[in-house]
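> If you want the building blocks of each chain, they are given just below.
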Amino acid sequence: MMPFERSRLLTRLLRATAFGIALLGASEARADEGMDLTTLLSEKVVTTASKTAETSTNAPAMTSLMTAEDMQRYGIHTVDEAIAFLSLGGFSSDNLYNPEIGARGVLIPGDQGAHMLVLVDGHAVNEPLHGAANLGRGLGIPIEIVDHIELILGPGSVLYGSNAMLGVINIVTKRGRSYSGVHVVAETEIGKSYRVGASFGASTKLLNAPFQIMSGFEFYRQDGPTFDFGPQGVVDDLFSMQPMRFSRTGPATGIWGGAATKTHYAMVPAGYMRLEWGKVTLNVHASTFKRAAPYSSQYINVISDFNDPENYQIDRVLRGDLTYRTQLTTHAGFTARIYGDSTDRRTYADYSRRLACRFSVTTCRDTDEGLSRWAGSELQGSLDWWNDGKAVTLLGVDGRYRYAQGRSDLLDYDTGAPLRSSTAVIDSPHSMLAAYLQQTAHPFPWLAFNGGVRLDSDPRFDPVLSPRVATTINVWEGGALKVTYAEAFRAPTFFESDALIPNALLRRNSLAPERVRSVEGSLEQKFGGNRVVFGVFRSWWKDLVEKYVFSQAQKDELVASGDLGIGYVLGPVAEYRNISSIDNFGFNAGWEGVTGAGRFHYGTNVTGAIARRVAPGTGTAQPIVVAPQFFGNARVAYDFEGGLPTLGLAAHFTGNRIADRAFDGNFTPFPVAPPQLELRATASGPIVKGLSYRVGANYAFAGQGPYVVGVAQQAYTWHQSAELVPVDRFRVTVGLSYALFQ
Amino acid sequence: MPVVHRACGRRRSFAVRAGARVATLLALLMVAELVRADDQVVPIQLEAQLFAKVLTYDKSFPERAGQLARVLLVMKKDHADSARVASQMQAALRSIAHIGGIPHEEIVVTFAGAVALGDLVKASSAAAVFFGPGFDDDVDAITKALDGHDVLTAGSVPEYVPHGIVLGFDVVSGSPKLLVHLTQAKRQHVSLRADLLRLARIFE
Chain A
1 MMPFERSRLL TRLLRATAFG IALLGASEAR ADEGMDLTTL LSEKVVTTAS KTAETSTNAP
61 AMTSLMTAED MQRYGIHTVD EAIAFLSLGG FSSDNLYNPE IGARGVLIPG DQGAHMLVLV
121 DGHAVNEPLH GAANLGRGLG IPIEIVDHIE LILGPGSVLY GSNAMLGVIN IVTKRGRSYS
181 GVHVVAETEI GKSYRVGASF GASTKLLNAP FQIMSGFEFY RQDGPTFDFG PQGVVDDLFS
241 MQPMRFSRTG PATGIWGGAA TKTHYAMVPA GYMRLEWGKV TLNVHASTFK RAAPYSSQYI
301 NVISDFNDPE NYQIDRVLRG DLTYRTQLTT HAGFTARIYG DSTDRRTYAD YSRRLACRFS
361 VTTCRDTDEG LSRWAGSELQ GSLDWWNDGK AVTLLGVDGR YRYAQGRSDL LDYDTGAPLR
421 SSTAVIDSPH SMLAAYLQQT AHPFPWLAFN GGVRLDSDPR FDPVLSPRVA TTINVWEGGA
481 LKVTYAEAFR APTFFESDAL IPNALLRRNS LAPERVRSVE GSLEQKFGGN RVVFGVFRSW
541 WKDLVEKYVF SQAQKDELVA SGDLGIGYVL GPVAEYRNIS SIDNFGFNAG WEGVTGAGRF
601 HYGTNVTGAI ARRVAPGTGT AQPIVVAPQF FGNARVAYDF EGGLPTLGLA AHFTGNRIAD
661 RAFDGNFTPF PVAPPQLELR ATASGPIVKG LSYRVGANYA FAGQGPYVVG VAQQAYTWHQ
721 SAELVPVDRF RVTVGLSYAL FQ
Chain B
743 MPVVHRACGR RRSFAVRAGA RVATLLALLM VAELVRADDQ VVPIQLEAQL FAKVLTYDKS
803 FPERAGQLAR VLLVMKKDHA DSARVASQMQ AALRSIAHIG GIPHEEIVVT FAGAVALGDL
863 VKASSAAAVF FGPGFDDDVD AITKALDGHD VLTAGSVPEY VPHGIVLGFD VVSGSPKLLV
923 HLTQAKRQHV SLRADLLRLA RIFE
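Chains as they are written, first to last, in our numbering: chain A, 1 to 742; chain B, 743 to 946.
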């Protein structure tokens with residue numbers, strides 16, 4: 001195509017877009033005063049960014065809100081799907097095990113969610129041993145009881161402390177008054193999974209105080225699909241001098257791969273309850289998440305046998321909080337909250353390779369146990385200086401006691417007897433204290449200011465200060481300009497700071513917290529039922545904690561200094577260090593709206609981001625692996641009403657994604673997952689009174705994701721190319737729900 | 743001989759004891775004052791804008807308001823939250839030039855009983871009455887007292903509407919929603935346009 005033709009095409013495209021926008025605006029404008037009311041009713045009310053209810057326009061950060069209605073329309077089942085298909089700036093990456101979440105072009109592979117703070121009704125769920133937070137099926141919150149999900153982009157430690165590096169996700173559940181009755185749901189991804197659940201909500205008065213209860217329970221079971229892997233051949237086992245063994249039974253073939261018929265499963269029983277009585281709110285959440293991955297990789301089933309269903313991980317969670325809110329005077333409010341969490345994680349991996357096990361048994365069973373418990377209290381006061389909402393001070397303190405325990409054992413699979421002493425033993429109790437201050441000011445109707453700072457004290461490192469300053473200027477009717485500067489940190493997990501595996505994982509120096517600071521600006525325009533936003537951002541990350549692998553020369557020095565046994569000088573030796581930094585910048589753009597008397601819904605979000613990781617010593621900047629530099633989503637839906645279905649079509653897309661082992665695996669060709677486009681069509685509606693359905697089909701165009709799988713995690717002479725994780729490309733979902741006593 | 747560390751979780755938890763103490767303290771606080779805690783769910787600025795805009799859909803509002811629309815903001819004595827919302831609503835409405843297309847004034851009044859309120863509405867020719875939190879036990883009586891009066895009642899607490907407050911506000915799925923008690927609206931000669939009712943959740 002000639003440049004002139006391209007330019008003319010672009011001009012036509014811009015004109016068509018402008019005409020479309022004008023048409024939509026005009027169609028709403030003809031509704032006379034309805035236009036303004038539609039705009040007002042399209043406002044997003046968020047509570048996460050500043051711990052108070054405010055419109056997303058005035059929130060001190062770019063906020064993406066995913067509603068229950070949209071999740072129903074577009075066939076969303078989990079939080080990670082909501083982020084992929086509906087959010088602005090966020091994306092998810094499926095590894096067939098436990099999805100990973102990133103934002104604005106940054107994702108830290110294998111972090112288990114530690115760089116995104118996850119809240120459920122304001123309750124932080126990231127546990128301190130690994131920083132983990134599950135956002136797929138493993139979250140254990142039935143999607144039917146989710147009212148909306150808020151994604152706050154950018155550093156968010158100012159009110160919440162550690163982990164809010166990429167942002168904050170708050171899953172807000174429904175209230176009893178808006179979710180009355182009993183709701184039963186049964187759903188299946190045909191041939192792959194099923195889910196059954198029940199939930200109920202009610203509101204009444206109890207002892208002269210209003211009482212609301214909402215509760216949901218579900219059981220999810222996934223089994224399959226089956227994927228074929230390999231074959232990947234490796235050298236003979238240096239210890240047994242025979243071909244490598246990847247299975248307990250059968251001959252040792254030296255070949256990894258085949259059909260993974262038994263190792264792609266998950267099971268999640270879970271329940272959640274929210275109870276509000278007078279000034280008191282009680283939340284309780286319990287879940288178990290057991291899952292297995294059909295492959296081994298750098299982070300999952302690292303050296304385990306192939307297609308062994310006893311390689312799995314199981315998380316158990318019990319958490320709760322009790323909140324008391326009161327208005328002390330017309331100017332001063334007070335909130336007291338106590339909370340407690342218990343999470344434990346057990347990971348099992350069997351391996352029959354003598355090279356990996358090193359003991360004279362058929363199969364070693366590696367068991368990793370981890371337990372985190374924490375409890376604390378948060379006291380928060382607010383002062384509205386002139387009782388008009390124009391100047392409000394928020395002051396809070398959060399004291400927490402927590403401890404983490406962990407150990408790793410190696411057992412003889414056949415006898416259960418330990419083969420060596422426990423390693424990676426962690427037994428770390430300590431207390432933490434934090435204080436935060438936030439000041440909001442609305443001196444003029446066109447100007448909003450939000451400034452705050454939080455100080456976190458952790459005995460493992462010096463106190464951390466996390467400031468944020470944001471200003472919103474309503475520049476014209478419906479238009480708002482927002483500028484934000486924010487910082488955040490992530491405390492090293494207990495595993496990173498405390499785990500010691502003699503002669504394999506050293507622990508010699510203390511770790512500093514990871515830090516990120518960012519500056520961003522955005523312009524938002526609302527017209528009719530439409531909201532258009534465009535923003536640019538830049539962030540700087542430093543002191544990222546990574547596992548540093550020693551070179552041979554360094555291992556020789558460690559032997560000389562007595563930090564490493566001479567017998568281990570040829571094996572891999574590592575330690576956690578503050579290693580790398582990330583430079584990240586880009587743009588977000590989004591357009592969403594509703595027209596056609598509230599029946600036609602549409603939206604699209606696009607993010608372009610450049611993220612470069614710099615490790616000291618290398619002096620070179622590398623692109624971030626796994627994370628796409630260009631990604632987004634689009635959706636349209638029409639509610640036919642009157643007993644007819646609602647039809648929804650959603651898509652999310654990502655550009656090329658560099659595979660996780662691309663820079664240290666020496667593969668040829670350079671491993672890159674192809675661009676992905678995933679389409680999801682959904683139809684939902686009533687059948688008879690109380691009974692409704694939802695059916696959907698999901699298709700992914702690309703067949704590979706950005707994770708290197710298999711025993712060949714690095715290129716060998718006889719194995720030069722990387723095998724990438726397969727994608728579950730086609731799924732059909734059918735669900736029925738029944739509501740009674742509404 | 744391998745040494746296997748004790749299983750995780752066999753520590754007597756200081757955290758549990760500490761949590762129990764704090765819980766006890768909190769429980770005492772709760773027992774001391776387990777009284778009505780109404781929800782102000784919509785941000786006040788947004789609620790004021792919605793309130794002002796909805797009045798343009800009230801066909802009888804211009805006649806009822808005349809040259810100057812008078813809005814009573816009712817607060818409950820010794821109820822801090824009620825006073826806070828009334829004061830903030832007053833400030834928010836003052837920043838809006840017209841409500842229902844008409845200049846307006848707001849008067850904060852202390853609730854002295856439903857009957858007295860009915861008398862006050864009549865005497866002051868109020869076009870609208872707004873209730874903040876604190877009136878949960880009084881809504882039924884207020885509805886009865888204002889029956890037949892020419893006035894629109896609105897409340898910041900969603901639970902008021904099923905009991906007869908004409909207009910309410912809620913937040914569902916992160917967006918504001920309008921609640922309308924249609925039967926009571928007719929009894930109070932409030933005539934809301936059909937295009938508004940299509941956007942609202944209706945109670946009868």
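There could be a bad hint or two in this list.
[Unchecked claim] Here are the computed lysine to aspartate or glutamate pairs in the EDC-like style, where the Cα-Cα straight-line distance is at most 20 Å:
{"no.": "1", "chain 1": "A", "residue 1": "LYS390", "chain 2": "B", "residue 2": "ASP879"}
{"no.": "2", "chain 1": "B", "residue 1": "LYS919", "chain 2": "A", "residue 2": "GLU641"}
{"no.": "3", "chain 1": "B", "residue 1": "LYS801", "chain 2": "A", "residue 2": "GLU641"}
{"no.": "4", "chain 1": "A", "residue 1": "LYS205", "chain 2": "B", "residue 2": "ASP882"}
{"no.": "5", "chain 1": "B", "residue 1": "LYS919", "chain 2": "B", "residue 2": "ASP892"}
{"no.": "6", "chain 1": "A", "residue 1": "LYS205", "chain 2": "B", "residue 2": "ASP879"}
Calculated directly from the structure, the hints in this document are not laboratory data.
The structure displayed is predicted, hence computed values, not measured ones.
> Indicate, hint by hint, whether the structure satisfies it.
Here is what the structure says about each hint:
no.	hint	verdict
1	LYS390(A) - ASP879(B)	31 Å, violated
2	LYS919(B) - GLU641(A)	19 Å, holds
3	LYS801(B) - GLU641(A)	28 Å, violated
4	LYS205(A) - ASP882(B)	14 Å, holds
5	LYS919(B) - ASP892(B)	25 Å, violated
6	LYS205(A) - ASP879(B)	10 Å, holds
This entry does not satisfy hints 1, 3, 5, going by the numbered hints stated previously.
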